[in-house]
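Colleague: Here is how the chains run, residue by residue.
Protein chains: 2
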Amino acid sequence: MITENLIQSFQAICGIENVEYSNAARLAYSYDATANFQALPDLVLAPRNRDEVAAIVKMCAEHHIPIVPRGSGTNLSAGTSPSSGGVVLLFKNMNQILELDQENLTVTVQPGVITKTLIDYVEGLDLFYPPDPSSLKISTIGGNISENSGGLRGLKYGVTKDYVLGLEAVLPNGDIIRTGGKLAKDVAGYDLTSLLVGSEGTLAVITEATLKLIPKPPFKETILAMFQTLEEAAEAVSAILAARIIPTTLEFMDQGTVQVIEDYKQIGLPTHCEAVLLIEQDGPLESVEKDMDKMYQICSEHGAIELRKAESDEEAEDLRSARREALSALAKLRPTTILEDATVPRSNIAPMVREIIRIAAKYNVTIRTFGHAGDGNLHPTCLTDLRDKEEMERVEQAFEEIFHASIELGGTITGEHGVGEMKAPYLEWKIGEAGIQVMKAIKQGIDPMNIMNPGKMFAKSTKERLVMSNV
Amino acid sequence: MITENLIQSFQAICGIENVEYSNAARLAYSYDATANFQALPDLVLAPRNRDEVAAIVKMCAEHHIPIVPRGSGTNLSAGTSPSSGGVVLLFKNMNQILELDQENLTVTVQPGVITKTLIDYVEGLDLFYPPDPSSLKISTIGGNISENSGGLRGLKYGVTKDYVLGLEAVLPNGDIIRTGGKLAKDVAGYDLTSLLVGSEGTLAVITEATLKLIPKPPFKETILAMFQTLEEAAEAVSAILAARIIPTTLEFMDQGTVQVIEDYKQIGLPTHCEAVLLIEQDGPLESVEKDMDKMYQICSEHGAIELRKAESDEEAEDLRSARREALSALAKLRPTTILEDATVPRSNIAPMVREIIRIAAKYNVTIRTFGHAGDGNLHPTCLTDLRDKEEMERVEQAFEEIFHASIELGGTITGEHGVGEMKAPYLEWKIGEAGIQVMKAIKQGIDPMNIMNPGKMFAKSTKERLVMSNV
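Residue numbers (my numbering), protein chains in the order written: chain A, 5 to 475; chain B, 5 to 475.
No lab work stands behind these hints: they were computed from the structure. Do not take every clue at face value.
[Unchecked claim] Below, in silico cross-link-like pairs of lysine-lysine (DSS-like), each with a Cα-Cα straight-line distance of 27 Å or less:
#1 B:220 / A:224
#2 B:294 / A:294
#3 A:294 / B:224
#4 A:62 / A:96
#5 A:336 / A:224
#6 A:298 / B:224
#7 A:224 / B:224
#8 B:216 / A:224
#9 B:294 / A:224
#10 B:62 / A:444
#11 B:224 / A:220
#12 B:220 / A:294
#13 B:216 / A:220
#14 B:444 / A:444
#15 A:216 / B:298
#16 B:96 / B:216
#17 A:220 / A:336
#18 B:96 / B:224
#19 B:269 / B:336
#20 A:336 / A:269
#21 B:216 / B:120
#22 B:269 / B:294
#23 A:216 / B:294
#24 B:220 / A:216
#25 B:336 / B:366
#26 A:294 / B:216
#27 A:220 / B:294
#28 B:224 / B:298
Okay, chain A solo, but in the shape it has when bound:
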């Protein structure tokens, strides 16, 4: 499909050193962080600037070659698996922070900038870029934008889309668009910025982004609250929000997760209670102290059996990083880890966690749950083994039932990981047939040849909705 001639053309565009097609290179980019999805690309290209991206896209359009834009491949929905072969686009040569505008509080970056690099850079200037996916040490801003990544601070500060003010992108025909700008308000036409954010590389290749920054909150405090029962923890969450407090972070870990983290990190986490909440608040000192006192009290009143306040930045960082490394810790237990992100209105966290426990037992699979209690974004994580076909079948059935439960509870099939290839068959459960038709109309209009990340979001066939009475 990709001829020697074409390879030479790509080499002429972005330099011989930025065109890879060895078996090793193709293998390296044949999968992302999602278990059980793998396909070989034909070529791996690393353009150096927007014009090279545009030239590559034009060439691909001319020859009907699929394009898979890829950040660091940390996504968990098989969003960057090259399922139709073609070209994987890397942004390692487009990883510069281009401009920090102190007057307008914006930063303009290339897509390949590592999330943590950006966060550290702006914090050094007393500014704040809130979206903090757990993969932030590895993930790129381009990937975050394509997936509309969330994170631990989403409850108070929102997600990636809330910080993207403008984009430059290459359309599937090679044209370049610029959306938005350094503007707090802009209603000139459809909101193409928001359309591209979270479109998982299916509509355009993002080549530059202007992001909104906010002042860095001066103080932050952290507490850990342990509860005998799930319900008590969930009630504490509701009570905190009912008290009109929006904490920065309100993270939930179930017993199984805490146990595994403690085994892995040994930082003295309690392993004897059914649920643990990690609570953080930031802002001006007085408000933080007031809120934390109130939340401390609320947790006590709702049956917290132990409350631990981080007495130093170091201790707080230990607690936070414990949560952040939940996935790594869990991944040590079995050969294969499947991390999901079923999300419900936060009032339904307790019923959802109970459902997950019930479903795991029903299918006899191991599922641990942690996640963002404040925004209802849970991460049921299955520890399994890909090589065991029979078990994998049960795992799939269990997740299908979990997605079903989250929809029934007013939720969604994915809160922050994206649809990708993995959840495409379930998308209609959330957005309905009419929603799928609208998405198809948009996709068809913008990418009529379907060269942009084909096979993602749009499923060949939709899974039948489960019919159950027990949810």
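Model the placement of chain B on the given structure of chain A, informed by the hints.
Modeller: Showing chain B alone in chain A's frame:
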């Protein structure tokens, strides 16, 4: 075009009393708040629920009848002028607040709810819905969503789109979609919620919205700062933001505007200085006081010749309402008022205001400027007389040059009023030909018969870009 038969069909759908076609009714809905745009609709319909909306849309689709969804018609871009005739859809029978969810901090409303009704309702429960367009006493939430309305609190709290969590809408084929939900995080498919927000009725009819609420800030303070020169005021704005303070409101009024408001309201506003800033901060008492002290000091250091702190809620309300009624006050001066919303990065406010003054002098037209300094959203307002053709030509040339200047300064042709019919010929200046093509692909895909608010956003022809060297 609309036969007696069809009228009976519409009557059968939504009741005889909700179908109007007298000359008086048609005339009443032949224009909105935008000067110089008028066209008669054929019918005015007021459906009572979503299913009636869907039946009407299906009937219109079958007979290729244009549909113009209309809130209260307060928009300033000729977004609801029935330029192709057809049906005007009113939401006076769909004006209920359906549910307030205290646990998830959401409110679900029908499109016809008046903005202020909603704001007052939630504030009574100690909650807060921040978007506050100046028309909030009359405008509807449906209209706010269709236009993505801004307001005075946009700098700190964002605009309408930041508060829309989910929508129910009727597509041009009569299908119903539901987007989003009571979810802080949801990445299931393209962001259709954001696509519909600000789409000005060109893609679907919104029939229900779930909105995000936040806790009501407990305290608020207001000051008025007067500056001898525009530059000093603009420098004070920059210095405030550089000090990492994001005030709730940072409003700007030029001398001409203040003079007119004072003549109209007589609340003792200063009329001897070139620029006035209205500054407000809300939040916990300690932070508000700290921020206000700092801003007071910054204004002094940047040459404020007078600083007035509101000593009571009443006085603060006077200052705020003065700003809010700028338009009404200005409208008294001449028969016709044309209010624009050229928007620039906030670092370019002073150059932009200077440009507006220069352009007004060049074309010998009267323009007063006020607006949202904190987010660069200015409202140059022309006082003129529609009946004077020669003057109107100069007015049009002046605005053309103002749009040009705002684009050259990194801005946009519309910050919060929308494109409508009025600014459609200028849209390409902001989003480029490729942007227009993407919008057309979306419109064509979703509304292939172009029955949804035709003639809006998409221009028959684009204005030639001005070529100038003086900006």
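Colleague: Decide, hint by hint, whether the structure agrees.
Modeller: Checked hints:
Distance restraint check for residue 220 (chain B) and residue 224 (chain A): the Cα-Cα separation of roughly 22 Å lies within the 27 Å cut-off, and the hinted pair is therefore satisfied. Simply put, residue 294 (chain B) and residue 294 (chain A) have alpha-carbon atoms about 16 Å apart, close enough for the 27 Å limit, and the pair holds. For a cut-off of 27 Å, the pair hint linking residue 294 (chain A) to residue 224 (chain B) stands: about 18 Å separates their Cα positions. Restraint check for residue 62 (chain A) and residue 96 (chain A): the C-alpha separation of about 21 Å stays at or below 27 Å, so the hint holds.
For the given pair, residue 336 (chain A) sits about 31 Å from residue 224 (chain A) by alpha-carbon distance, which is inconsistent with the 27 Å threshold. The straight-line distance between the Cα atoms of residue 298 (chain A) and residue 224 (chain B) is roughly 22 Å, inside the 27 Å bound, and the hint therefore holds. Among the hinted pairs, residue 224 (chain A) with residue 224 (chain B) is consistent with the structure: their alpha-carbon atoms are about 24 Å apart, no more than 27 Å. A threshold of 27 Å between alpha carbons decides the hint, and for residue 216 (chain B) with residue 224 (chain A) the separation of about 25 Å falls inside it, so the pair holds.
A distance of roughly 18 Å separates the Cα atoms of residue 294 (chain B) and residue 224 (chain A); the hinted pair therefore holds under the 27 Å criterion. Between residue 62 (chain B) and residue 444 (chain A), the direct Cα distance comes to roughly 21 Å. Compliance with the 27 Å bound is thereby established for this hinted pair. In summary, the hint linking residue 224 (chain B) to residue 220 (chain A) is supported, as the alpha carbons are separated by about 22 Å, within the 27 Å threshold. Of the supplied pair hints, the one linking residue 220 (chain B) and residue 294 (chain A) holds, its CA atoms being roughly 16 Å apart against a limit of 27 Å.
For the suggested pair residue 216 (chain B) and residue 220 (chain A), the alpha carbons sit about 24 Å apart, so the restraint of at most 27 Å is met. Our distance criterion of 27 Å between C-alpha atoms is met by residue 444 (chain B) and residue 444 (chain A), whose separation comes to about 15 Å. Pair hint residue 216 (chain A) plus residue 298 (chain B) holds up; C-alpha atoms about 23 Å apart against a cutoff of 27 Å. Distance check on the hinted pair: residue 96 (chain B) and residue 216 (chain B) sit about 23 Å apart at the alpha-carbon level, within 27 Å; holds.
For the proposed pair residue 220 (chain A) and residue 336 (chain A), the alpha carbon gap of about 35 Å is over 27 Å, so the pair is violated. Distance hint between residue 96 (chain B) and residue 224 (chain B) is unfulfilled; the C-alpha atoms sit about 34 Å from each other, more than 27 Å. Between residue 269 (chain B) and residue 336 (chain B) the CA atoms are separated by roughly 12 Å; this keeps the pair inside 27 Å, and the hint holds. Restraint check for residue 336 (chain A) and residue 269 (chain A): the C-alpha separation of about 12 Å stays at or below 27 Å, so the hint holds.
For the hint linking residue 216 (chain B) to residue 120 (chain B), the alpha-carbon distance of about 16 Å falls within 27 Å, and the restraint holds. Restraint check for residue 269 (chain B) and residue 294 (chain B): the C-alpha separation of about 31 Å exceeds 27 Å, so the hint is violated. Pair hint residue 216 (chain A) plus residue 294 (chain B) holds up; C-alpha atoms about 24 Å apart against a cutoff of 27 Å. Between residue 220 (chain B) and residue 216 (chain A), the direct Cα distance comes to roughly 24 Å. Compliance with the 27 Å bound is thereby established for this hinted pair.
At most 27 Å may separate the alpha-carbon atoms for a hinted pair to count; residue 336 (chain B) and residue 366 (chain B) meet this at roughly 24 Å. This hinted pair checks out: residue 294 (chain A) and residue 216 (chain B) have alpha carbons roughly 24 Å apart, not beyond 27 Å. Of the pairs offered as hints, the one joining residue 220 (chain A) and residue 294 (chain B) holds, with about 16 Å between alpha carbons and a cut-off of 27 Å not exceeded. Simply put, residue 224 (chain B) and residue 298 (chain B) have alpha-carbon atoms about 15 Å apart, close enough for the 27 Å limit, and the pair holds.
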